[in-house]
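Residues per chain, in single letters:
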Amino acid sequence: MSVDVSTPGSPSAQGALSAHGASITLKGLTKRYGTATAVDAIDLEARPGEFLTLLGPSGSGKTTTLNMIAGFVDVTSGELLIDDRPVHSLPPHKRNIGMVFQHYALFPHMSVSENVAYPLRQRKVPKAERQALVTEALRTVGLAHLGHRRPQQLSGGQQQRVALARAMVYSPRVLLMDEPLGALDKKLRDSLQLEIKRIHGELGTTFVYVTHDQDEALVLSDRIAVFNDGRIEQVGTAEDLYERPSTLFVAQFLGESSLFHGVATEGADGAGVRALDRTLRAGRGHARAGEPAALVVRPERIRVHPIDGAAADQAGVDQSAPAGNAVRGRVRQEIYLGNSRKLAVEVADGTQVLVRESAGDLSGSRPGDEVWLTFRPEDAAVLPATPSHDNTPTRTAN
Amino acid sequence: MNKTSTRVWQSLLAVFCALVALWLVAPSLVVIPLSLSDKPSFAFPPTGWSTRWYSNFFDDPSWLDALTASLKVGLLVVVVATVSGTAAAVALTRSAFRGRQALRAVLLAPMIVPVIVVAIGLYALFLKAQLLGTTFGFVVAHSVLALPFVVIPVTASLQGFDRRLENAAAICGANRWATFRQVTLPLVAPGVLSGALFAFVTSFDEVVMSLFIQSPYLQTLPVKMYASVTRDTDPTIAAAATLILALTTVATLAATLYIARRNRVR
Amino acid sequence: MAVVEALTQATSPGVPAGRRAAPSERWGRLALLAPSIVLLLGVFLVPLGIMLWRAFTDPHPGLDNLTWYVGDRVQRQVLFRTFTTAFKVTVVCLLLGYPYAYAMVAAGPKLRAALTLLVLVPFWTSLMVRSFAWVILLQDRGPVQHLLTALGLGHPQLIRTNLGVIIGMSQILLPFLVMPLYAVMSTIDRRLILASSSLGAHPLTSFVRVWLPLSLPGVGAGSLMVFISSLGFYVTPALLGSPRDSLISQQLYTQVNVLLQWGRGGAMGAVLLVVTFAILAVLMLSIRQSARRHTKASEATSIEATSIEATSIEGAAR
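Chains as they are written, first to last, in this note's numbering: chain A, 1 to 398; chain B, 1 to 266; chain C, 1 to 318.
Hints are supplied without guarantee of correctness; some may be wrong.
[Stated by the list, open to error] To give a feel for the contact side, a few chain C residues facing chain B, derived at Cβ under 7 Å:
1) Arg29
2) Leu33
3) Leu48
4) Pro61
5) Val92
6) Leu94
7) Leu96
8) Leu120
9) Trp124
10) Thr125
11) Arg130
12) Phe132
13) Leu137
These are computed hints drawn from the structure, not numbers from a lab. Fair warning: this is a prediction, and the values are worked out from it, not measured in the lab. For each residue, glycine too, the CB sits at the ideal point set by N, CA and C.
For reference, chain A alone in the conformation it holds in the complex (with noise of 0.2 Å):
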């Protein structure tokens, strides 16, 4: 029997580990398992050269996804294909895929030069080769003097540095991260997320990196899927993301967001939610009119004025109102985070809406003041509240 090659690219260690990313097409890709569905007809595509990051929470299906396309876990129907050719019946030894695992997943048993070579082996690299790409790959995540050692001597980060130069070290044109971080923690992961990302701009290749880690995502990712309850609900660059979510969901997972509950409108002057007996107008709206919606801004785009509490005694309660989106509430809580303060703010139907002032421009409100929040509509949007996947158009613009 013999190890079957296909096609590893012929790395040559003086051309360092560059390599030509691979574009991935995922079509209608489904996962079932009995009556369970893990990953629910998905769409995507990863293009060369990109770091797609499969973003979600636990059970999202992300990591099935993942699975997917290294070949562990079958298709159960779509379509699968690495620079359009169909790969869902390759066993993963023959898809040439480089993959990180959260838990190093480094042989015990063997080096870390040896772990380094593993893939080199396989694919019959003559020796003299080998080294030379296995000292590259070492220098490359900065381990160049541990060579020798075991696995098992070496720290959690330095482990994770030498699964990554064997992941690297024959040049796949596809590299999978599945929450290669994950054991780490905080500090290491910060400087690790940045070697990442610079070794992904030095070699060129395709990462498809899966976290449930969202400043990861934001940091690393050119583009990010989020990935919900089997299905993706948006794919965009961490910009489209937080400024343009689709869905309530990605509303809420990405970043905080402030929402006020309502009944989706249709006006002349774009979209808008009948919500605390006013019309809250948005410069978006993927909601259908009639329909439960809810109004998304972003914490940090709500402005806090403060009401003269007599005057607003005497007059009446809306004669003070401001022009445009003003919702009227009183300052329920104050957290002073040092370059900017959080306000949770309890407007009438009981919900707290959270407000975000940055240092140089703040209200003056204290808990207990009576506050009008006001927001412009284009920086507000109107998403159905209970999803819809079938009808719903959940892409932006790629």
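Go by the hints and put chains B and C onto chain A.
Then chains B and C, alone, in the frame of chain A:
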């Protein structure tokens, strides 16, 4: 309780344990002086010394044949029991299927069921199949007794094995066979090795079943010893016992040291 | 090839157990299990079946052999003697083994290694060698008799008595008690004792209230091993006992090999088998229950029923 009485208790425990240790080890050692006796009797302690019983052991074809038979059967049992036990352990740990628990119980049953009960049935079976006194008969009979002693350590090491390493090997480009050979097997090897060792010892020590399935033409060493004790008072058996004792002690020491060093390296 | 597939299949993380296996996986599994199944069937289950069959058919079909066994006074005595012998052996082993196992746990690493080795060497030493050694020690005008005479204890007969059998068996089976007991004790969190003492409990009280209950699963497992092994022990009783004081295994041997009474032998084997499994079942259940109770109380030890024997062997492997 104050410190003094704690110390008294500790000393008492130490003395007691020393006695138990003596009780565990010392009795077997009497075979050594007896093997060096100069008289053809089991009289103990011996009154004079000689090495004639050792010469006798190595000159007497019936003793040597028994030793050869035991070694041959033992090594074959190592192969049969280790291979089938390892394969079974792999199947038991790697896949969930109906009847797995029942199968595991049956695999371990030879350790529980009194050997003499199985031996009677086996005697009847081998009598019919004309397998009494055959190497094949001895090997399969001992293998079934050795099976649980392989399944248990191999299962333990397979359970301790991180399955994600197999995924890692696969994604590195190793096919299934290469993965098993280069990653799985080296990492579960200690379990397989101790299983093999257990299998050999089980076969090499086995008396009861062997008493039933032996024939005058094929006897294993323990059978020959049993016959010798019950029939005559020939200290050659003490020489044989001493040799076995030395072998087991060295093997146990070596295995213990090996395991201790492995644990330290890890 | 199916074998290799099964060796390496189902590597997918997060695949729920009990999913329908692919046909290739099922065939691979069968291929892996086949050698063991063939061995177990041919050399274990079929022989047991033959033995049971003979019990009810030899020489005539029916319950003759069982009625004979139940009705025979000598056989009842033998069965009773077998039980009392096994019980005495178990008690002796417990008395010697419990403090020893405790010392193994309490000792420092070096002493523990030495104590472990002292249990392992006899465990590995040939049963035949050890039984033979006892023949020499206990023989008439042997060293033990001399010693007892010198101590003024008269001239007691040891070999060919039940006492001799008990002495030999309890020495030979002691490792089988110590190892599972040690395995269980080493999982007990010793800080519990300290905690109990620091709350003002007398050390003896903490031992009885905390340590003893937590070590009970080990006591159960070890005693079970010793008791069951004693019931079916043949070589040692045959060499150290006498036909007058014979145990069930000796009777069995005589019925089959000397008297050629296959049916009666089968009946005795069936009785031995049923008794063994009945004891196993009862003790297993109670161990499991007490383990569950104590796990709740202190996260101490839980012994899976089938791993009781495993502990002793894994103990040996360690």
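A quick look at each hint next to the structure:
1. Arg29: Hint holds; Arg29(C) Cβ to chain B Cβ min 5 Å, cut 7 Å.
2. Leu33: At 5 Å from the nearest chain B Cβ, Leu33(C) passes the 7 Å test, so the hint holds.
3. Leu48: holds (5 Å)
4. Pro61: Not OK, violated: Pro61(C) not within 7 Å of chain B, min 17 Å.
5. Val92: Because about 10 Å separates Val92(C) from the closest Cβ in chain B, which is outside the 7 Å limit, the hint is violated.
6. Leu94: violated (12 Å)
7. Leu96: Since the shortest Cβ distance to chain B is 5 Å, the answer is holds.
8. Leu120: holds (5 Å)
9. Trp124: With a minimum Cβ separation of about 5 Å from chain B (threshold 7 Å), the hint on Trp124(C) holds.
10. Thr125: holds (5 Å)
11. Arg130: holds (5 Å)
12. Phe132: holds (6 Å)
13. Leu137: holds (6 Å)
Hints 4, 5, 6, counting from the list given before, are not met by this structure.
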